[in-house]
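Chains as they are written, first to last, in the numbering used here: chain A, 1 to 337; chain B, 1 to 353.
Errors might be hidden in some of the hints.
[Said to hold, decoys possible] Calculated cross-link-like contacts (lysine-lysine; reagent style DSS-like; alpha-carbon spacing at most 27 Å):
1. B:K121 - A:K224
2. A:K212 - A:K142
3. A:K212 - A:K92
4. A:K142 - B:K304
5. A:K212 - A:K224
Since the hints were derived computationally from the structure, they do not count as laboratory data.
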Amino acid sequence: MSAPAAQSDALPQSRIDFVPVLLVVAIALGAFALIGSPSTWVTLTVAGLAMGLLIFIMASGLTLVFGLMDVMNFAHGLFIAIGAYVAVSVMKVFSAAAGADSLAANLGAIAPALLAAIVAAGLLGLFFERVIIRPVYGQHLKQILITTGGMIVAEQLIHVLWGADQLTLLRPPTLRGSFLIGDIALEKFRLASVVIGLATFVGLVLLLNRTKIGLLIRAGVENKEMVEAMGYRIRRLFVAVFVVGAALAGLGGALWGMYQESVTVLIGAQMMVLIFIVIIIGGLGSVGGCFVGALLVGLVANYVGYLSPKIALGSNILLMVVILLWRPQGLYPMSKQ
Amino acid sequence: MIDTLLSGDRPRSRILAVVLVAIFVSLAAAPFLFPGTRALDVAAKVCVFVLLVASYDLLLGYTGIVSFAHTMFFGIGGYGIAIATTRLDPTWGAIAVGAVAALAISLALSFLIGLFSLRVKAIFFAMITLAVASFFAILASQLSNITGGEDGITFKVPELLRPGFRLLEAPLLGVTIGGRLITYYLVFGAALVLFLALLRAVNSPFGRVLLAIRENDFRAEALGYRTVTYRTIANCLGAAVATLAGVLYALWLRYTGPNTTLDFAIMIDILLMVVIGGMGTMYGAVLGATIFVVAQNYLQDLMKLASGAAKGIPLLPDLLHPDRWLLWFGVLFVLSVYYFPRGIVGQLRTWRT
């Protein structure tokens with residue numbers, strides 16, 4: 001995980017702070033005590049993990065971009081929306097395969113849809129970085145304004161291209177329903193989301209910790225000028241990170257669209273609120289924090305939604321406030337802030 | 001006299017002065033100049049939004065903080081009036097109770113949010129306010145036994161303001177002198193007074209400190225000003241005026257609901273108005289709100305014509321579809337941020353020199 005390197009004796013070694021991870025486990029166990037029924041608890045936990053991991057997929061790019069270049073993209077939700085809309089269109093093309101009752105055929109429809117979502121969101125991200133954000137590096141106020149403006153325009157363009165009505169994005173038959181193990185019901189799509197989300201997380205961690213590019217990115221988050229002084233073009237690296245972040249948001253958007261089985265242009269704006277809460281909880285710029293934050297938000301939303309639906313809406317805000325009272329800079333504060 | 005009223009902040013551009021006077025006269029005489037309910041609706045909305053946008057400009061343009069919770073305070077004002085008049089009798093007392101309660105809630109909330117997040121970066125504040133405002137919007141639509149949920153609350157106003165009320169038996173200059181006219185002038189007068197008060201605030205020593213914070217908060221701090229205190233006061237002041245704007249809007253509509261006050265789309269509208277009109281110039285709020293609200297109501301008719309004329313050309317009719325008018329304002333917004341950071345007012349002032 002990209003927890004900030006603590007100053008240690010001889011060689012700086014990143015020490016992972018396990019307290020927030022334990023918090024996740026503690027919340028899960030505490031919820032078990034309150035819920036009582038093991039089967040309900042497992043169902044809720046899987047649902048929470050699925051939701052959390054989908055949010056993580058969408059949020060990870062945003063937090064990395066902020067950590068690396070100090071850019072906060074308020075139009076990140078746009079990539080989510082584009083991913084979902086492109087997935088709808090591609091699924092329509094492969095509607096025969098998507099409707100068939102065989103796993104292979106279904107995957108043959110979903111894979112191109114997800115791939116197209118990733119590519120479309122990535123390309124849009126490239127365009128966005130080059131045209132919209134580039135002139136406003138280092139100016140926070142203008143970044144917020146310009147990315148919000150970009151989102152307004154893009155939302156309207158989505159209306160022009162896809163129409164203003166809500167679209168349906170049906171899950172293929174083999175991914176509907178749930179596995180029954182004893183009296184525990186596990187929704188198939190949620191399990192698939194968990195698998196994809198974990199794969200993304202592991203992939204990101206490996207990329208950041210085991211490759212040279214990852215080393216440069218982490219170094220850039222810590223100290224941008226120093227990396228530049230070493231002769232690396234941090235701008236190029238940043239473009240790459242931005243595009244990957246946008247592509248991940250597109251993937252997350254497509255999956256979230258399937259999760260909800262409907263897509264409107266508001267999908268991005270709705271997710272943005274959760275994403276902001278997650279990356280604030282995690283500590284702006286920290287991928288590991290984003291992961292833990294996303295799991296916390298997903299789990300708490302599902303547990304509270306079951307235990308007392310009345311306050312479920314406020315649970316995320318409440319969680320954020322409590323975490324910020326405990327650690328004002330988020331769970332994993334970045335060293336430079 | 002004029003200088004005192006405007007707190008010495010003259011338009012500083014001949015064209016701007018002419019436009020401002022034209023807007024002022026049109027609004028002051030709106031019931032007589034533009035007959036019809038729709039025109040009066042537009043005029044009242046312009047008054048309310050000038051005030052709302054000016055209070056937002058205090059934050060964005062003068063203090064340099066981006067808040068996404070401005071509609072929340074606008075909504076608190078509207079709901080305060082609506083809940084008070086439906087629970088109590090529709091009297092002036094109930095309106096006062098509602099307005100005062102709404103102000104108190106807004107001040108407390110803005111103070112808390114400010115205390116919590118204004119110490120850190122502008123971005124952090126923007127994100128927190130976005131989260132809090134969206135939470136508040138959901139809350140308002142869920143607590144339907146208090147707020148009326150998605151349907152909102154339709155309420156009665158005091159006798160004097162009701163449409164059926166007649167002050168004079170015979171129409172004056174062809175206009176009925178009744179409850180609607182009185183309500184309009186109440187809205188207009190209150191908005192005017194509050195706008196001048198805001199103008200006073202930004203041209204006071206306090207306003208100068210805000211500008212200093214916007215330009216360089218580190219330096220302002222070094223000069224001995226407590227930036228957090230000033231930012232928090234500006235935040236509370238902006239929230240209070242937004243609440244009063246919400247009160248006025250609710251009085252005019254005799255209705256409060258999520259779609260007229262809390263919707264994120266309104267927040268976007270406010271941003272567009274501030275930036276296009278001109279950040280950091282109170283007059284920008286007047287221009288921005290007037291242009292935007294008039295366009296919102298009349299541009300669509302024009303676009304319907306254009307869209308019909310472009311029939312047959314691919315994509316163009318869709319781009320010119322009346323529902324897509326926000327697209328063009330969005331483009332204007334982005335261009336404004338890049339090329340005219342001081343908006344229309346700033347541009348007019350540069351041309352003069």
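Verification of the supplied hints:
{"no.": "1", "hint": "B:K121 - A:K224", "in the structure": "holds (19 Å)"}
{"no.": "2", "hint": "A:K212 - A:K142", "in the structure": "violated (33 Å)"}
{"no.": "3", "hint": "A:K212 - A:K92", "in the structure": "violated (40 Å)"}
{"no.": "4", "hint": "A:K142 - B:K304", "in the structure": "violated (33 Å)"}
{"no.": "5", "hint": "A:K212 - A:K224", "in the structure": "holds (16 Å)"}
Comparing the model with each numbered hint stated earlier shows that hints 2, 3 and 4 do not hold.
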